[in-house]
Amino acid sequence: MTFINYAAKEINCKIVYYGPGLGGKTTNLQYIYNKTAPDRKGKMISLATEADRTLFFDFLPLDLGSIRGFTTRFHLYTVPGQVFYDASRKLILKGVDGVVFVADSQRERMEANVESIRNLEANLQDHGFDLLNVPFALQFNKRDLNNAMPIEEMYRMLNYKREPTFEAVAPQGVGVFDTLKAVAKQILVELRQR
Amino acid sequence: MEVFEAEFRQLEEALRRLRHDSNAKAVFLIDKNGQHIAAAGETEDFDSTSLASLTAGNVAATDGLAKLIGEREFSVLFHEGQRDHIHISIVARRAILLVIFDERSSLGLVRLRVKRASAELEKVFDTMTEKSTRGGADGAAEPSPFSEITDEDIDALFSE
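Quick note, the sequences are listed as chains A and B, same order. If you count by my numbering, then the first sequence holds residues 165 to 358, one letter each, in order. If you count by my numbering, then the second sequence holds residues 85 to 244, one letter each, in order.
Since the hints were made in silico from the structure, they are not lab data. Some hints here could point you the wrong way.
[To be verified] Pairs of lysine-lysine residues, derived as PhoX-like cross-links and limited to a Cα-Cα distance of at most 25 Å, are as follows:
#1 K349(A) - K173(A)
#2 K173(A) - K258(A)
#3 K345(A) - K325(A)
#4 K207(B) - K116(B)
#5 K254(A) - K116(B)
#6 K258(A) - K109(B)
#7 K199(B) - K116(B)
#8 K116(B) - K151(B)
#9 K116(B) - K215(B)
#10 K254(A) - K199(A)
#11 K345(A) - K199(A)
#12 K207(A) - K349(A)
#13 K116(B) - K207(A)
#14 K258(A) - K207(A)
#15 K151(B) - K254(A)
#16 K258(A) - K205(A)
#17 K173(A) - K207(A)
#18 K325(A) - K258(A)
#19 K173(A) - K207(B)
#20 K205(A) - K116(B)
#21 K345(A) - K258(A)
#22 K258(A) - K116(B)
#23 K345(A) - K205(A)
#24 K215(B) - K258(A)
#25 K199(B) - K173(A)
#26 K207(A) - K109(B)
#27 K173(A) - K116(B)
[To be verified] Which bits of chain B does chain A cover? Going by a derived footprint, with three or more residues having C-beta under 8 Å, they are:
#28 124–138
#29 229–236
This structure is a prediction, so every number in the text was calculated from the model and none was measured. Every residue gets a Cβ at the ideal spot worked out from N, C-alpha and C, and that includes glycine.
Just need the whole structure built from these sequences, with the hints factored in.
Rendered as structure tokens:
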């Protein structure tokens with residue numbers, strides 16, 4: 165739920181990057197962190213295992229300037245993608261304003277993608293959200309790999325509600341900001357309609 | 085969550101009093117979703133955004149643990165450091181009160197003062213909830229500043 169402080173004139177929104185393990189959620193955040201001016205970002209926090217796998221979450225606060233006199237901040241979170249971290253994944257969805265689903269384009273990861281979307285749907289429901297009504301963007305990551313599945317086929321398998329969908333190569337930044345923008349826009353449009 | 089001017093001042097005042105009475109270094113009020121609400125004391129020494137996010141994560145994980153063993157919640161958490169310590173408690177079931185203190189105070193004093201401040205903060209939260217619901221119900225009381233947001237406003241955020 166968007167946090168609005170009328171006294172401090174601030175809007176804070178929470179965006180969660182979801183998806184199967186090793187799909188590139190943390191890489192999306194790292195790219196955004198590296199490409200954002202120092203005065204527009206806070207510290208990036210990664211709670212990871214020694215092998216650099218996300219254990220609890222990554223967190224990146226972004227300050228995108230102001231809208232109607234209100235400082236607009238986006239707090240980006242990733243979830244741990246590995247299946248057995250489901251309890252932690254559910255916790256991070258608490259109070260979410262928008263979700264980015266980072267799908268792995270490799271053919272052998274399609275089952276993991278599908279399972280992860282179902283898991284997202286179920287975990288949102290546990291928080292009283294319906295994915296159909298939550299601002300949502302879909303990203304097909306790792307488009308540079310040889311074993312990447314054709315876009316149309318992926319779209320058929322993974323698209324949930326005709327959400328904005330982007331091709332990405334996260335380490336090079338391809339599609340990273342477009343995906344973030346798409347979900348941020350939906351959140352702000354929803355704020356307008358509230 | 086929506087925080088309006090009058091309640092924000094009341095929250096800040098309650099935090100300032102708690103900071104003073106407990107002899108703490110700093111006091112932070114955080115939304116359970118990880119958003120910083122208000123603070124008092126030597127706040128410039130701390131990264132309040134990171135503090136808010138990690139505290140909420142900590143509380144969420146501890147809540148999960150409580151449920152696993154059949155408890156509703158662990159209402160107080162205490163982290164003891166070499167110099168500084170952290171006392172975390174839940175206020176009004178939806179906010180987190182974080183007190184950072186050192187040898188100038190003690191766990192007992194902090195616990196005592198937090199109890200008193202929590203009651204005060206809870207009242208302010210009740211007013212906030214009431215205002216928010218009323219605003220949502222009759223809507224017209226105070227027009228939302230966001231109803232006027234244009235597509236250009238949104239695009240401008242991403243222009244740089």
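Hint check results:
1. For the hint pairing K349(A) with K173(A), the CA-to-CA distance comes to about 19 Å; that is within 25 Å, so the pair holds.
2. Of the supplied pair hints, the one linking K173(A) and K258(A) holds, its CA atoms being roughly 23 Å apart against a limit of 25 Å.
3. Straight-line distance between C-alpha atoms of K345(A) and K325(A) comes to about 18 Å, which keeps the hinted pair within the 25 Å bound.
4. A distance of roughly 17 Å separates the Cα atoms of K207(B) and K116(B); the hinted pair therefore holds under the 25 Å criterion.
5. At roughly 14 Å between alpha-carbon atoms, K254(A) and K116(B) fall within 25 Å of each other, so this suggested pair holds.
6. As the CA atoms of K258(A) and K109(B) are separated by approximately 29 Å, the hinted pair breaks the 25 Å bound.
7. A distance of roughly 18 Å separates the Cα atoms of K199(B) and K116(B); the hinted pair therefore holds under the 25 Å criterion.
8. In summary, the hint linking K116(B) to K151(B) is supported, as the alpha carbons are separated by about 16 Å, within the 25 Å threshold.
9. A distance of roughly 19 Å separates the Cα atoms of K116(B) and K215(B); the hinted pair therefore holds under the 25 Å criterion.
10. Between the alpha carbons of K254(A) and K199(A) the distance comes to roughly 29 Å, so the proposed pair goes past 25 Å and is violated.
11. Distance hint between K345(A) and K199(A) is fulfilled; the C-alpha atoms sit about 14 Å from each other, no more than 25 Å.
12. With a C-alpha separation of about 23 Å, the suggested pairing of K207(A) with K349(A) holds against the 25 Å cut-off.
13. Under the criterion of a C-alpha separation no larger than 25 Å, the hint pairing K116(B) with K207(A) is consistent with the structure, at around 20 Å.
14. The straight-line distance between the Cα atoms of K258(A) and K207(A) is roughly 21 Å, inside the 25 Å bound, and the hint therefore holds.
15. At most 25 Å may separate the alpha-carbon atoms for a hinted pair to count; K151(B) and K254(A) meet this at roughly 14 Å.
16. Note on K258(A) and K205(A): the hinted pairing holds, with a Cα-Cα distance of about 22 Å set against a maximum of 25 Å.
17. At most 25 Å may separate the alpha-carbon atoms for a hinted pair to count; K173(A) and K207(A) meet this at roughly 22 Å.
18. Straight-line distance between C-alpha atoms of K325(A) and K258(A) comes to about 22 Å, which keeps the hinted pair within the 25 Å bound.
19. For the hint linking K173(A) to K207(B), the alpha-carbon distance of about 23 Å falls within 25 Å, and the restraint holds.
20. Restraint check for K205(A) and K116(B): satisfied, since their Cα atoms lie roughly 22 Å apart, inside the 25 Å limit.
21. Of the pairs offered as hints, the one joining K345(A) and K258(A) holds, with about 21 Å between alpha carbons and a cut-off of 25 Å not exceeded.
22. Note on K258(A) and K116(B): the hinted pairing holds, with a Cα-Cα distance of about 8 Å set against a maximum of 25 Å.
23. Restraint check for K345(A) and K205(A): the C-alpha separation of about 16 Å stays at or below 25 Å, so the hint holds.
24. Straight-line distance between C-alpha atoms of K215(B) and K258(A) comes to about 23 Å, which keeps the hinted pair within the 25 Å bound.
25. As the CA atoms of K199(B) and K173(A) are separated by approximately 30 Å, the hinted pair breaks the 25 Å bound.
26. Only pairs whose Cα atoms come within 25 Å are accepted, and K207(A) paired with K109(B) is accepted, the gap being roughly 22 Å.
27. For the given pair, K173(A) sits about 20 Å from K116(B) by alpha-carbon distance, which is consistent with the 25 Å threshold.
28. Residues of the segment 124–138 of chain B with a Cβ under 8 Å from some Cβ of chain A number 5, which satisfies the need for three, so the listed coverage holds.
29. With 5 residues carrying a beta carbon less than 8 Å from a beta carbon of chain A, the segment 229–236 of chain B meets the three-residue requirement, and the given coverage holds.
This entry does not satisfy hints 6, 10, 25, going by the numbered hints stated previously.
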